[in-house]
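Spelled out, the chains give:
There are 2 protein chains.
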Amino acid sequence: MSSAQEFQQAPHKLLVIPGPIEVDNRILYANASPSVSHVSPAFISIFGDCLRMLRTILYAEKTGQPFMIAGSGTLGWDQTAANLVEPGEEVVVLNHGYFGDSFAECLEAYGAKVTVLKAPIGGIVDENELVKVLKEKKVKLVTITHVDTSTGVLSPVERYCELIHKTSPDTLIAIDAVCAAGSEEIRFDDWGLDVVVTAPQKGLGVPPGLSLVMASKKALGVLEKRKAPVTAYYASWRRWLPIMQAYEAGQPKYFATPPVQLVNALHVGLKQVLEDKPSLEERFKVHKQVSNYVKDELEKMGCGFVPLDRANSANGMTAARYPKGITAADVLGPLAERDIVVAGGLHKEIASEYFRVGHMGVTAVDQQRGDIEKILKNVKEVLDIARAKQA
Amino acid sequence: MSSAQEFQQAPHKLLVIPGPIEVDNRILYANASPSVSHVSPAFISIFGDCLRMLRTILYAEKTGQPFMIAGSGTLGWDQTAANLVEPGEEVVVLNHGYFGDSFAECLEAYGAKVTVLKAPIGGIVDENELVKVLKEKKVKLVTITHVDTSTGVLSPVERYCELIHKTSPDTLIAIDAVCAAGSEEIRFDDWGLDVVVTAPQKGLGVPPGLSLVMASKKALGVLEKRKAPVTAYYASWRRWLPIMQAYEAGQPKYFATPPVQLVNALHVGLKQVLEDKPSLEERFKVHKQVSNYVKDELEKMGCGFVPLDRANSANGMTAARYPKGITAADVLGPLAERDIVVAGGLHKEIASEYFRVGHMGVTAVDQQRGDIEKILKNVKEVLDIARAKQA
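Order-wise, the sequence lines are chains A and B.
Note that the UniProt record's numbering gives residue 151 to position 151 of the first sequence, counting from 1, and the numbers run on in steps of one.
Note that the UniProt record's numbering gives residue 236 to position 236 of the second sequence, counting from 1, and the numbers run on in steps of one.
Please note that the accuracy of each hint is not assured.
All copies of an identical chain are treated as equivalent in the list; a pair is satisfied when it fits inside any one copy or across any two copies.
Said to hold, decoys possible - Straight line, CA to CA, 20 Å or less: simulated SDA-like cross-link-like pairs of lysine to any residue:
#: 1; residue 1: 227; residue 2: 111
#: 2; residue 1: 138; residue 2: 168
#: 3; residue 1: 113; residue 2: 228
#: 4; residue 1: 140; residue 2: 374
#: 5; residue 1: 285; residue 2: 98
It should be emphasised that the hints constitute simulated quantities derived from the structure, not laboratory data.
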C-alpha cells in the first residue's frame, strides 16, 4: 500500500537540463492517482483550482482567461496563431534563438506575414528596430520568447511591452514563457500581455503533457471580431472557452478528455508554488540568487556564457561556454556517468561550444536536496580531470 | 520507498464509464516515474517500442506509420483533417452519434465539404447510401466512428472498407477508434485503412493525454502530393514524421516535448496487452464474451439497448435503456453511492432514456478483479429498489 506521504520515486540520475526538470514525490504520486471521471465534481473542482492558480502565478487576475489543454507547450503557439492572426496579417517575432525560429514557422503555417527581428547570438533584439517596424507596418501581433532555452537569453519583456503599447496600442503581445513561468516573474496584467504560452515541465516542476495558456480579454475580443474562420479545431479557443468557463464555475462540460492524472499532478505542483513557500515574490528572488551563484561559480571554473550580459540571462537555466580547450565530450558524458544529466548546445551555429544546466523548480527552491552543490562540485571535477589530461 | 511490485493506487470508486477506464497499478506506477530526458537513449527506446507495439495491436505491420503526440484523442481528428484534406475537397462522414457530429465539425474547420450520412439512432448507415454518394462525388476521404460511445453502436468497418475500395479506390478511409483500439479487432493492413485515430484511456487502459494515430503509406503519399499548404503546425505530420522515424530508429530528435511519464505508462500498458494474455485474438474474444454476458444480464433485468441490433453493438461498452418506469435518478446516483461510476446518456435526443457502462481493459480482461459481477449485482439491486418504491 502506498500513500502520498510514503511514496518515493525510483532512484534515477539527477535531471538538470532546461526542462523537463526534477519532479517532487508528491507531484509524481498525484500523477499516479486512480482513474476518475473527467466530469466528476471532484475532478471539476481540481481543474477549476488549476485555472485559478495559473491566474495567480502569472499575476493575471484582472484580464486573464486561462486555457489548460492536453498537449505539448508547442500547442500554445498554434493556439496563438490560429486564434489571433488572420491570413496575411503582419506579425513580428523577436527572435533570441531556436524557439524564436520555430514560433515564426508556426505563425507562417497559419498564414501570417512574419517579420523576424533576430538578435545576435546571446544578445537581445534592439528596441529601436522593434519601434521602427511597428511604425512602418500595421502589426497585429508581436511574439517574444521570454527565455530562449537554446541561448539562455532572458528577454526584457516588460520593456518591450512598454514600447509596443506606446508605439502601436492595438498590437497584441504574446510571450512564449514555457521556460519562464514559475522561474521568472511574469506580470500579465501590469505589463499588458495578451497571451502567455507555457507548460508544466519547467519552472512549475510538473511532468510534461499540458499546454497552459493565458489569454487577455483584449485577445478574446480580437478573436470574437475576426473575419476569417479559425482553421483549427483542437487549437480553437471557441471550442475550449465554454469548457474552461464551465470547469471554473464547477459545472461539467465536454469537448475532449483532459489528462486527468496530469491535471491532478499540476494541482499539487501549483499549490506547492503558491503555498509551500513564503511568497511567489520570494520564489523569483530565490531563482535569481541561485542563478547568480551558479553563474559566478561556473565563471570561477573558467566558463563563459552564451548570453552577452547577466541582465539578459535566464534565472532558471545557464547556457555556459566550455572553458578554453574543453569540449562537450569532457563534460556531458562524464557528468552522466556521475548521474547528472545536463544538456548540450542547441543553437546550431554554436552547438558544440556550450552546455546547458537547468536550475528551476525544486532544484533551485528546495535547497535541502543539495542539487546545486552536487552539480557545481561535479562540473568542477570533470573540468579538472579534463585539464589534468591535457597537461 | 515504493516499487512497482508494492505500489497500490489509492482506494476509489470503480470507474466503469466508456472511458477513461480503470488503470492497472503497474501502469499508474509508470506514470509516476522520475523525470528523464526526452532525448535520453533509455526514453527513446521506450518511445520506439510504443510505436512498434501500436503497429502490432492494430495489425498495421505492412503499411502503418504510427504517430504518438501529446494531446487528447480529438487531436487525431485534426491530424486527419489538416494533413489529408485540402480546402473544398469532399469528405463523407458516416455518423452513428455524437462523435460523428464532432468529427464533421472538425473537418469543416479545415475547409472540407462534408456530406454526413446519418444513421437512425442506434442503427448503422445504410451501405447503399454510402455507395451512392461515392458514385456521385469525387470523395477524398470517408470517416467512420468505429464505436460511437454516445450510442454504443459498433460500425461494420470491414464491410464499409470493402465497399469503399470497390466503389472508389482512391478514397481514403479514416476511423475514429478512440473507444475501439484494444477492445475491438482492427485490421489496419487487411481492411485497407488509411488512418486510425485513437487514445490510451479506453480499451488500452492507460491514463488519457496522448493522441495515437496510425497512418497508411497511401495517406502519407497523399500528404506528400497535396497542393495547398497544411494550415497547422502542431497537428502537421510533416513536423512529426521525422521525429517518429528517429525515435523508432533509436535516434534523438526534437520537435515538442513528449509527455515522458505517460509514454512510460503507455509502454507498460501496451506490453500488458501484448504479453500478459495468451494472444491479442484472445483479448478481443474475451471482450466479446464479457459484452454478451453483460448485455444478456441487463436484458434479464428489463433493460433495452440503444443499438438496434447485437451485431452492431460495441464490445467494450453497453448503452442500456432504462427499464420501463425507471429513470436516471434511480440508477446513476444510487450506483455512485455504492462506489460504482457509470455514465448517463450523451446523445441529446435520448439522453435521459439510457445509461452507459464501460467493460473494457482490465475490467473485462482481469476477471479476478470481479468488476463485472460487482457492476451487475449493484445494477440489479438499484433497479429492484426503484421498483419496490414504485409498487
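Tested hints:
1. 227 - 111: both (14 Å within a copy, 15 Å between copies)
2. 138 - 168: Only inside one copy: residue 138 and residue 168 sit 8 Å apart there, 48 Å across copies, limit 20 Å.
3. 113 - 228: both (15 Å within a copy, 17 Å between copies)
4. 140 - 374: neither (47 Å within a copy, 58 Å between copies)
5. 285 - 98: Classified as neither: same-chain Cα gap 27 Å, cross-chain 50 Å, threshold 20 Å.
When the structure is compared with the earlier hints, violations turn up for hints 4, 5 and for no others.
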